[in-house]
Amino acid sequence: NAGVTQTPKFQVLKTGQSMTLQCAQDMNHNSMYWYRQDPGMGLRLIYYSASEGTTDKGEVPNGYNVSRLNKREFSLRLESAAPSQTSVYFCASSNEVKETQYFGPGTRLLVL
Amino acid sequence: GEDVEQSLFLSVREGDSSVINCTYTDSSSTYLYWYKQEPGAGLQLLTYIFSNMDMKQDQRLTVLLNKKDKHLSLRIADTQTGDSAIYFCAENGLTGGGNKLTFGTGTQLKVEL
Chain A
1 NAGVTQTPKF
11 QVLKTGQSMT
21 LQCAQDMNHN
31 SMYWYRQDPG
41 MGLRLIYYSA
51 SEGTTDKGEV
61 PNGYNVSRLN
71 KREFSLRLES
81 AAPSQTSVYF
91 CASSNEVKET
101 QYFGPGTRLL
111 VL
Chain B
113 GEDVEQSLFL
123 SVREGDSSVI
133 NCTYTDSSST
143 YLYWYKQEPG
153 AGLQLLTYIF
163 SNMDMKQDQR
173 LTVLLNKKDK
183 HLSLRIADTQ
193 TGDSAIYFCA
203 ENGLTGGGNK
213 LTFGTGTQLK
223 VEL
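Chain order of the listed sequences is A and B. So the first sequence is numbered by my numbering: it starts at 1 and just counts up by one. So the second sequence is numbered by my numbering: it starts at 113 and just counts up by one.
Rather than coming from a laboratory, the hints here were simulated on the basis of the structure. Any given hint might turn out to be false.
Some residues of chain A that are not near chain B, with every Cβ distance over 10 Å (derived) [claimed, not checked]: (1) Ala2; (2) Gln11; (3) Leu13; (4) Ser18; (5) Met27; (6) His29; (7) Gly53; (8) Pro61; (9) Leu69; (10) Arg77; (11) Glu79; (12) Ala82; (13) Asn95; (14) Leu109.
Okay, derived cross-link-like pairs now, BS3-like style, lysine-lysine, Cα gap no bigger than 27 Å in a straight line [what the hints assert, rightly or not]: (15) B:Lys148 to A:Lys9; (16) B:Lys148 to A:Lys57; (17) B:Lys182 to B:Lys168.
Backbone N, C-alpha and C define an ideal beta-carbon position, used for all residues, glycine too.
Between the sequences and the hints, there should be enough to build the whole structure, so can you do that?
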């Protein structure tokens, strides 16, 4: 099992450009999550999907959209990137909400 | 709202014990977790404790939970250089809609020779 995979690993964008971060899990988990990690701020939840077909806002959803494409895949889209979105983005999955989460390796995004 | 607090840094010498502390505010938590993040990597689940337990031991790791004081600690015995990482505690209380884990800001553990 690969667990949770994320692509790309690194990305540099110019302000105003768009991009989609991809996440996939092979553990047959129902719930998936997107976090951002910034120095001194820990992990902040952007969006989550409790089950296939549902998505909900987390703590910091502004400037992002998500798609739960199927049970395996959960993508995060930045429509118009801003320097404040420079961060490390982590995808995670769990069998059910509030249960143990398993994390991907992260995507490092720099917005110039 | 929910809050999970940790000190930012801890430095220990190789072979000593490390104790990383965490306080939380949500008394409805059913599970509390410790995750480890090595440089450039994602978070790796280290261990977890059910809220009705006081202690859990797993090889070099000991988790202590004081539910009355809402205090969680992680003790690493015989700390090695490979233990250098950021350690996050997390809880799954009902505050915040009960739909997520709430993470602390992380404690950076530095192990010196």
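Evaluated hints:
1. Ala2: Fine: 13 Å to the nearest Cβ keeps Ala2 of chain A off the interface.
2. Gln11: About 15 Å separates Gln11 of chain A from the closest Cβ of chain B, which puts it past 10 Å; holds.
3. Leu13: Label holds. Min Cβ-Cβ 20 Å, cutoff 10 Å.
4. Ser18: holds (24 Å)
5. Met27: With a cut-off of 10 Å, Met27 of chain A remains clear of chain B, as the shortest Cβ separation is near 13 Å.
6. His29: Check passes; 14 Å lies beyond 10 Å.
7. Gly53: holds (16 Å)
8. Pro61: holds (13 Å)
9. Leu69: holds (20 Å)
10. Arg77: holds (20 Å)
11. Glu79: holds (24 Å)
12. Ala82: Holds, since 23 Å exceeds 10 Å.
13. Asn95: holds (13 Å)
14. Leu109: holds (14 Å)
15. B:Lys148 to A:Lys9: holds (20 Å)
16. B:Lys148 to A:Lys57: Given that 27 Å is the threshold and the Cα spacing comes to 26 Å, the pair holds.
17. B:Lys182 to B:Lys168: Between Lys182 of chain B and Lys168 of chain B the Cα gap is close to 16 Å, so the pair holds against 27 Å.
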